[in-house]
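J.: Dock chains B and C against the given chain A, drawing on the hints supplied.
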Amino acid sequence: MSILHVNGRDIALDKDGYLVELGDWSEDVARALAERESIELSADHWEVLELLRQFYQEFELSPATRPLIKYTALKLGADKGNSLHLNRLFNGTPAKLAAKLAGLPKPTNCI
Amino acid sequence: MAKSLLIISRQAPWSGPSAREALDIALAGGAFDLPLGMLFLDDGVFQLAPNQQPALLQQKNLAANLQALPMFGVEDLFVAASSLAERGLDPDGLGLPVQVLDDAGLTALIDRFDQVVTL
Amino acid sequence: MSTLHVISRSPFGDNRLASCLRLLGPHDGLLLCGDAVYALNPGSVTVAGLNTLGPRLYALAEDLEARAISDTGATAVDYPAFVELSLNYDKVNSWL
Chain A
2 MSILHVNGRD
12 IALDKDGYLV
22 ELGDWSEDVA
32 RALAERESIE
42 LSADHWEVLE
52 LLRQFYQEFE
62 LSPATRPLIK
72 YTALKLGADK
82 GNSLHLNRLF
92 NGTPAKLAAK
102 LAGLPKPTNC
112 I
Chain B
238 MAKSLLIISR
248 QAPWSGPSAR
258 EALDIALAGG
268 AFDLPLGMLF
278 LDDGVFQLAP
288 NQQPALLQQK
298 NLAANLQALP
308 MFGVEDLFVA
318 ASSLAERGLD
328 PDGLGLPVQV
338 LDDAGLTALI
348 DRFDQVVTL
Chain C
1055 MSTLHVISRS
1065 PFGDNRLASC
1075 LRLLGPHDGL
1085 LLCGDAVYAL
1095 NPGSVTVAGL
1105 NTLGPRLYAL
1115 AEDLEARAIS
1125 DTGATAVDYP
1135 AFVELSLNYD
1145 KVNSWL
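Residue numbers (the numbering used here), protein chains in the order written: chain A, 2 to 112; chain B, 238 to 356; chain C, 1055 to 1150.
Just chain A, with the same shape it has in the complex:
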């Protein structure tokens, strides 16, 4: 457990840095989480985070890498739904890192 300070609020994180309460997520929280990973969120990042939150709303679970790529290709096209693009955005571990920044639980079916 650790605490993330955002806009005067204390946000609880689990031992892997994921939000304990999914409802704590906001864009500022995402920026603060990204900063911990040395990532500055660009428009390309945001659209994937948005997509992940949509995925979670639809399926109530966090995607592993393969379904993340497939879903991204479905919604944003093949030029974005590929491992190269997603790996580049999220330091080589898109399923884990993007889920973390989007405020989702840690994906269970990842290596």
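Hints should not be assumed to be uniformly reliable.
Which residues of chain B face chain A? A few of them, derived with a C-beta cut under 8 Å, are [claimed, not checked]:
id, residue
1, K297
2, N302
3, M308
4, F309
5, A322
Okay, the calculated beta carbon distance ranges per label pair [stated by the list, open to error]:
id, chain 1, residue 1, chain 2, residue 2, range
6, B, Q290, C, P1109, 46 to 56 Å
7, C, G1088, A, D29, 50 to 60 Å
8, A, T94, C, S1140, 20 to 30 Å
In silico BS3-like pairs for lysine-lysine, Cα to Cα no more than 25 Å straight-line [what the hints assert, rightly or not]:
id, chain 1, residue 1, chain 2, residue 2
9, A, K71, A, K107
10, B, K297, A, K107
11, A, K71, B, K297
It should be emphasised that the hints constitute simulated quantities derived from the structure, not laboratory data.
Even glycine gets a Cβ: it sits at the ideal position worked out from N, Cα and C.
T.: Below, chains B and C without anything else, positioned relative to chain A:
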């Protein structure tokens, strides 16, 4: 070539861990690109009933998770016609796109997979 | 492709056996163990149907003996024979 696996899920969704465990096998296998099929048999067909509200039972929404199967590459989804008929479920009103198989179809289905596990 | 189906639950409170018989293929085998061997009790409603399987019907010997079920139409097998049997089929489907 990886061996293909058929997962037969035959327990109702909210009364025990079996339905969740069967789905977890499918999602994990799908995430690793294994050739998988999933068959809903016996009380397992209740997992496909529409408009269920597991939140009332403080349970995670297995029905929503099942929708993710095609995203995980698990698109070979089947249901036993006889199990549906016995339980009064309409094959056209299910919450997941599944192929409906008669008993002979089930035998043929099991035949064409390399491995089978029934939960 | 042939499948050896393995069932360990009693058929009198569970529909695994009934479902299995419905989808059993002509080259498949059925092995009963644990409480599933009660299905072979002489005079039970299940035994006649099972006996139509002839040589494709097996039961674990120690489970039969422990439950004092004898004179069944099933081939009784010990554990080494169970292992050998599973190798004679393309796959094993355990009805967990």
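J.: Check the hint pairing B/K297 with A/K107 against an upper bound of 25 Å on the C-alpha distance.
T.: holds (16 Å)
J.: Closer than 8 Å between Cβ atoms is the bar; does B/M308 clear it against chain A? Give me holds or violated.
T.: holds (4 Å)
J.: For A/K71 and A/K107, compute the direct alpha-carbon distance and say whether it is at most 25 Å.
T.: Judged against 25 Å, a Cα distance of about 18 Å means the pair holds.
J.: Interface hint check: B/A322, Cβ to nearest Cβ on chain A, cutoff 8 Å. Holds or violated?
T.: Not OK, violated: B/A322 not within 8 Å of chain A, min 29 Å.
J.: For the restraint on B/K297, tell me whether the closest CB of chain A is nearer than 8 Å.
T.: holds (7 Å)
J.: Is the interface hint satisfied for B/F309? The criterion is a beta-carbon contact with chain A at less than 8 Å.
T.: holds (5 Å)
J.: Using the beta carbons of B/Q290 and C/P1109, state whether their distance is inside 46 to 56 Å or not.
T.: holds (50 Å)
J.: Taking the closest Cβ pair, is B/N302 under 8 Å from chain A?
T.: holds (5 Å)
J.: I want to verify a distance hint. Is the separation of the beta carbons of C/G1088 and A/D29 within 50 to 60 Å?
T.: This hint holds: roughly 58 Å between Cβ atoms.
J.: For the pair supplied as a hint, A/K71 and B/K297, is the alpha-carbon distance within the 25 Å limit?
T.: holds (24 Å)
J.: Does 20 to 30 Å hold as the CB distance between A/T94 and C/S1140, or does it fail?
T.: violated (40 Å)
The structure shown violates the earlier hints numbered 5, 8.
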